[in-house]
Amino acid sequence: MKESLTHIFLDAFLINNFVLCVFLGMCSFLGLSAKFATAWRMGVSVMFVITVSSALSYAINLLLVVLHAEYLRIIIYIVIIAATVQLTEMFIKKASPALFRELGVYLPLITTNCAVLAVPLFQTARNYNFVQSTVFSIAASGGYCAALVLLSLVRERVGLSDVPDLAKGTAMTLVLAAILSMAFMGFGGMGNGG
Amino acid sequence: MSEISCHGSGETAITAEGNPFRNGLWKQNPVFVMVLGMCPTLAITNSVRNAVSMGLATTFVMVCSYGLISMIRTLIPKQVRIATYIAILATAVTVVDYLVKAISIPIYVALGAYIPLIVSNCLTLERAEAYAGKQPVIKSMLDGLGMGCGFTIALIMLGAVREVLGAGTFLGVHLFGSHFEPWVLFLLPPGGFISLAMWLLVFAAWKERSAKRAAAAQEEAAA
Chain A
49 MKESLTHIFL
59 DAFLINNFVL
69 CVFLGMCSFL
79 GLSAKFATAW
89 RMGVSVMFVI
99 TVSSALSYAI
109 NLLLVVLHAE
119 YLRIIIYIVI
129 IAATVQLTEM
139 FIKKASPALF
149 RELGVYLPLI
159 TTNCAVLAVP
169 LFQTARNYNF
179 VQSTVFSIAA
189 SGGYCAALVL
199 LSLVRERVGL
209 SDVPDLAKGT
219 AMTLVLAAIL
229 SMAFMGFGGM
239 GNGG
Chain B
338 MSEISCHGSG
348 ETAITAEGNP
358 FRNGLWKQNP
368 VFVMVLGMCP
378 TLAITNSVRN
388 AVSMGLATTF
398 VMVCSYGLIS
408 MIRTLIPKQV
418 RIATYIAILA
428 TAVTVVDYLV
438 KAISIPIYVA
448 LGAYIPLIVS
458 NCLTLERAEA
468 YAGKQPVIKS
478 MLDGLGMGCG
488 FTIALIMLGA
498 VREVLGAGTF
508 LGVHLFGSHF
518 EPWVLFLLPP
528 GGFISLAMWL
538 LVFAAWKERS
548 AKRAAAAQEE
558 AAA
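These protein sequence lines are chains A and B, in that order.
According to the numbering used here, the stretch in the first sequence is residues 49 to 242, in order.
According to the numbering used here, the stretch in the second sequence is residues 338 to 560, in order.
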């Protein structure tokens, strides 16, 4: 089936938002969304890693298919991701030491973010070509970034209000995520008309 | 804890912590206490059957890979340990991927991308780093088994709530007869968040109650 690029974009960004509808990248979504400042930095660096590793995985997958070594896919993809994270770390360290200090702890964590591994797996499973994969990776990671930023903004507001002691912490965050997720369900019908 | 002291004093550290199997099962339950491994917890629990299969797959990966990691823990250079853990985990996950496909195609389809994603489940890597990389083989495998079973129990608890409320069934058996109007929201993504939040609230309330009771008992003893 040939999917249009707009459809791929809308699908990954809103309709099947990676975080709120497909449940990927949950740990960082719940863990790093307490402050807006860290949330958007994390979101942007994840976007970068996903876009780069998706393109690399696409190229290496072609090689794996030629060699009939598809069973190595999971291992190769995770190695690519780890390498990309390492590269990003080195790049940011050189380009902006100040940003590196702020992101420091979070950068290695990107390796174990399942949203990052899911993008190459999904693009392989859906037989996307290179352009489609790139659009898909940008949309999916953009959706991750958007969800993270949205939740962090809501959490900053909730931090100022009076929450029952029992519900403080993870339970409250989960309820907020549920409400956001319900809001994103509203996008469900989009793209079906065309 | 420093790297060197852990290899030597594993024995004493463990007796202080208690039995590694029971520890993971409830006291440090990966989902309800440590809040790790959230992606499959929320995504796969829309039916009890899926929850059980996901839990077993994760348990298998953890037991096998922790045994291996623990066996070669002294050979792994400290700088590349995370990469080594991930490579071992990815191998075990590849095995599970083919195993599930061979056992049951419907389950394989239902779990979908979440089987390969066991690699980047933060639970599996966290335990490898925190436990298997420092402890002897049998204990690491027991820890993997305990954590895996605790994970499975948590998934079943969530899956049961979601399946009963969202579809009116338990393991596919209808519970309420034909008048029951399914609460479909619980099968959809928001239901996952809500049911986990509810379980966490229940446990928080329970903990508070037992803490109050303990305090009351202490006061009584003092008086």
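To be clear, the hints were calculated from the coordinates, so they are not data collected in a lab.
In this text the structure is predicted, and so the values were computed from the model without any measurement.
Hints should not be assumed to be uniformly reliable.
As the list claims (entries may be wrong) - According to the in silico footprint, chain B covers these stretches of chain A (three or more CB under 8 Å from chain B): (1) 69-76; (2) 122-136; (3) 155-163; (4) 169-178.
In this text, a Cβ means the ideal position worked out from N, Cα and C, and glycines have one as well.
Here is how each hint holds up against the structure:
1. 69-76: holds (count 7)
2. 122-136: holds (count 5)
3. 155-163: Check passed, 5 qualifying residues.
4. 169-178: holds (count 3)
Of the hints listed earlier, there is not a single one the structure fails to meet.
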